[in-house]
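Protein chains in written order, with our numbering: chain A, 24 to 302; chain B, 523 to 815; chain C, 15 to 367.
By construction, these hints were calculated from the structure, which means they are not laboratory data.
Watch out, some of these pointers could steer you wrong.
Below, a sample of chain C positions facing chain A; criterion: calculated Cβ distance under 7 Å [stated by the list, open to error]:
id, residue
1, N97
2, A99
3, Y101
4, H103
5, G113
6, F357
For every residue, glycine included, the Cβ atom is placed at its ideal position computed from N, Cα and C.
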Amino acid sequence: MIENRPITTFVSHTVLILGVALIVFPIWVMIVASTHDALRLTQVPLPLLPGDQFWINLKLLFSGKEFGAPIHLTLLNSLVMALAISFGKIVISIISAFAIVYFKFRFRMFFFWMIFLTLMLPVEVRILPTYEVIANFGMLDSYIGLSVPLIASATATFMFRQTFLTIPDELMEASRIDGASPMRFFIDVVVPMSRTNIAALFVILFIFGWNQYLWPLLVTTDPDMYTVVMSIKQMLESGESEPVWHLIMLTALIAMLPPILVVIFMQKIFVKGLTDSEK
Amino acid sequence: MHKRVHYNTSYLPYLLVAPQIIITLLFFIWPAVQALYQSFLLEDAFGLSTEFVWFDNFIDLYHSEQYLGSFARTAFFSVAVAGLSMGMALFFAALADRVIKGSHTYRTLLIIPYAVAPVLAGTLWLFLFNPTLGIVTYFLDAVGIDWNHKLNSSQAMTLVIIAAAWKQVSYNFLFFIAAMHSIPKSLIEASAIDGAGPVHRFLTIIFPLISPTTFFLLVVNIIYAFFDTFGIIHAITAGGPGNSTEILVYKVFNDGFVGLDLGGSAAQSVVLMFIVIVLTVVQFKYVERKVEY
Amino acid sequence: MSTINIQQLKKSYQNTQVIHGVDIDINDGEFVVLVGPSGCGKSTLLRMVAGLESITEGEIKIDDTVVNDLEPKDRGIAMVFQNYALYPHMSVYDNMAYGLKLMKLPKDEIEKRVQDVAKLLQIEEYLTRRPSNLSGGQRQRVAMGRAIVRNPKVFLFDEPLSNLDAKLRVQMRMQIKTLQNKLGVTTIYVTHDQVEAMTMADKLVVLKDGIAAQIGTPMEIYDDPKNQFVAGFIGSPSMNFISCEVTDETITIGEQSFPRPASVSQRGTLTMGVRPEHFSTDENNPYSFSGTVQMVEKLGASILLYIHCDSMEQPLVVECENTVAANIGDTFKVHIDDKKMYFFDAKTEQRIY
Chain A
24 MIENRPITTF VSHTVLILGV ALIVFPIWVM IVASTHDALR LTQVPLPLLP GDQFWINLKL
84 LFSGKEFGAP IHLTLLNSLV MALAISFGKI VISIISAFAI VYFKFRFRMF FFWMIFLTLM
144 LPVEVRILPT YEVIANFGML DSYIGLSVPL IASATATFMF RQTFLTIPDE LMEASRIDGA
204 SPMRFFIDVV VPMSRTNIAA LFVILFIFGW NQYLWPLLVT TDPDMYTVVM SIKQMLESGE
264 SEPVWHLIML TALIAMLPPI LVVIFMQKIF VKGLTDSEK
Chain B
523 MHKRVHYNTS YLPYLLVAPQ IIITLLFFIW PAVQALYQSF LLEDAFGLST EFVWFDNFID
583 LYHSEQYLGS FARTAFFSVA VAGLSMGMAL FFAALADRVI KGSHTYRTLL IIPYAVAPVL
643 AGTLWLFLFN PTLGIVTYFL DAVGIDWNHK LNSSQAMTLV IIAAAWKQVS YNFLFFIAAM
703 HSIPKSLIEA SAIDGAGPVH RFLTIIFPLI SPTTFFLLVV NIIYAFFDTF GIIHAITAGG
763 PGNSTEILVY KVFNDGFVGL DLGGSAAQSV VLMFIVIVLT VVQFKYVERK VEY
Chain C
15 MSTINIQQLK KSYQNTQVIH GVDIDINDGE FVVLVGPSGC GKSTLLRMVA GLESITEGEI
75 KIDDTVVNDL EPKDRGIAMV FQNYALYPHM SVYDNMAYGL KLMKLPKDEI EKRVQDVAKL
135 LQIEEYLTRR PSNLSGGQRQ RVAMGRAIVR NPKVFLFDEP LSNLDAKLRV QMRMQIKTLQ
195 NKLGVTTIYV THDQVEAMTM ADKLVVLKDG IAAQIGTPME IYDDPKNQFV AGFIGSPSMN
255 FISCEVTDET ITIGEQSFPR PASVSQRGTL TMGVRPEHFS TDENNPYSFS GTVQMVEKLG
315 ASILLYIHCD SMEQPLVVEC ENTVAANIGD TFKVHIDDKK MYFFDAKTEQ RIY
């Protein structure tokens, strides 16, 4: 800070704390709700301090007695889908970016623009026909159907392309003189030099994959293939009268924990990756 | 744009781009072409026959009160979400940029909503504003506001805007903070020496200098509000009450999967594609400009 | 034990030709320097020898084998790049060992070779470090180490010293030359710095616009430049060029004349060239004219005078002993040794005398 003004600093902190509290408030209420029983959550006003039912609620969820699929199954589905999407995106993006940057070949620019086009076609605008493609391939209710259609990524390809362009040309030439084939160069030099980008992308893509909602909603009909994120909606609708909020909130908590942990623990790399990827 | 040196191998590059291209063709280009094609077709109610009707579906959209209403609603929704979310993020970023101690903690807490799935964000806010149980509803009641977004359409719209803006605060905050950090310190110091106070400094130095980021975020936020808020609306209002929170993406889904109006839904998809293309071009124009800085 | 023959080498990109038929013969163990202004094609030529650029026309032979279509790794060459091109994510050891690993040499052989070269270059203590933790001079040595360890038939250097500061550059210049002498490996070295070129080369190739303007030992080129370009490029400060009128009796520069030396037989407008260090203060020398001192640069060991003569566009640069007293505005008389005058055709810029 430029000048030392204790009062301004104090005010800044106070306002920031209030603001952060406002942002975190819904999360707090969710955590609190997950620690009470069903009865307490029907009494107004709802509690603002944690109760003691957390472990009991947790057990209930894992037993799978309340709803279609036990939560560990939906968690597993989410994990498989998120990992498949993030790994898939990273792998196909990095190799196509490598081809586009390091090779001269016919239709190179054509391919480049084709990949660019995918940026303009989010799932939401082509849901119906994409759904038909998956249905025709018999990929409904499968991990492949859940993940593969979301794997193409212009953003990741661009980001890798940007990174590769900053790798000095001489490194490729040095490796040629050292006797490395293109793929050796890719594995020994390009991939290790893109480590930070790969890690940052992984965080972003893992969250993207884990949080998918509309797509899993469409391609899964078998409760055993539900993801944890989409199971929330089922829970909201399933109760005859009022939803069972204590379990819904606990499920929400469990469903958002993995991406939150990834963001917090890989914060530095994630923030850098996010703000750099747009440049 | 290109490297000075390249490999010359015959088949390898094709092999390398193949997975990306195949997936793009199968799940992006082909469905998009399908959508385009279907948007020119009219299917009868039983799906027995289809007829090529040229632009009839689009003309229907143009004359549909409901669709135009949804369009206006989406515009209002996205501007409100972008404004609210960016305003809060900018406010937090301006404060966080000033403090040294604890700024890391603030950041950590503020990025949490980014990791929350839209549908979960919707669920949280739904719980807070639950007409009978919600904590916020309880407090609102205490100050004389009767909250029921299931019946009151403007309250429903308010709630989805709040939930959508909440989720996007993290993203905007991170970009504003990054933009503020990239302002040379000497510039701020110079203006401090010139006698500008913190507020004045923010208005005359910092804000103009981060205006490219602000513009960029505006586009990104509008894209977000258009396409990534499906889960929020699905969880909170499912488009209701009436159609009061049915934005375009939601309507595509509803008309296609629930209403089974394939031609109409496809025509709506095509309109949306057109919107994304325009927004993306604007965004990239901006990126190009930023590179020149 | 390697010779290199370059015959009628040409290179074009799309429609522009950058190398217009160059011939160079390099003997075994020779240190050849390619020198020229930027854009003269010297780096392209080197990269063609390396196999990093394709050859449009002509032939490159290493040890009587035509290497035109060989991959870089099969040519027996090693290269040191301007920016060193060290793999940033590998340790110094791995940087040096990488090529050997790809040659599938046994592990202990690699270990031995890397250690030996590290000792030779005195970089043993850095072997475990990453390039980013090394100074410019150390990186430079690692880059050389990576080249030496391959046991190449030919060393190629592409402006290897231009990223170093002036003092280090002089040191490294000496080290590279000494090392090359010791190893006896045929070397091609590219630079734009004529001092580097003069001090290091056994054989100097001065390139201009994709043509070898002159090939010879540094002293040959200094003493006996074939044309105005070479004369001006080699030598520091550069040679002065003065347009003059030669008649039967005199050589006229602007309004001033002096007698025509017997050796100059052509008449008409010529360009006279005199190196700054070849002026004398010998009062008995008849080949003289005068001008006004415009600027005085005291270099310590000597003084540079910039003398303005009314008819010349550029001031004349004269190097004289540091005892000479001259101030700005003084009239100064310069004398030229008639054996150190060069004459060039005003049109073709070729040297006549």
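Now for the hints, and whether the structure bears them out:
Evaluation of the C:N97 hint against chain A yields a held restraint, the C-beta minimum of about 6 Å falling below 7 Å. A cut of 7 Å between beta carbons decides the hint on C:A99: the least distance to chain A is about 4 Å, and the hint holds. The restraint placing C:Y101 at the interface with chain A holds, with a minimum CB-CB distance near 6 Å, inside the 7 Å limit. At about 4 Å, the closest approach between the beta carbon of C:H103 and any beta carbon in chain A falls short of 7 Å, and the interface hint on this residue holds.
Because the beta carbon of C:G113 sits about 4 Å from the nearest beta carbon in chain A, less than 7 Å, this interface hint is met. Interface restraint check: C:F357 against chain A, minimum CB-CB distance 44 Å, threshold 7 Å, status violated.
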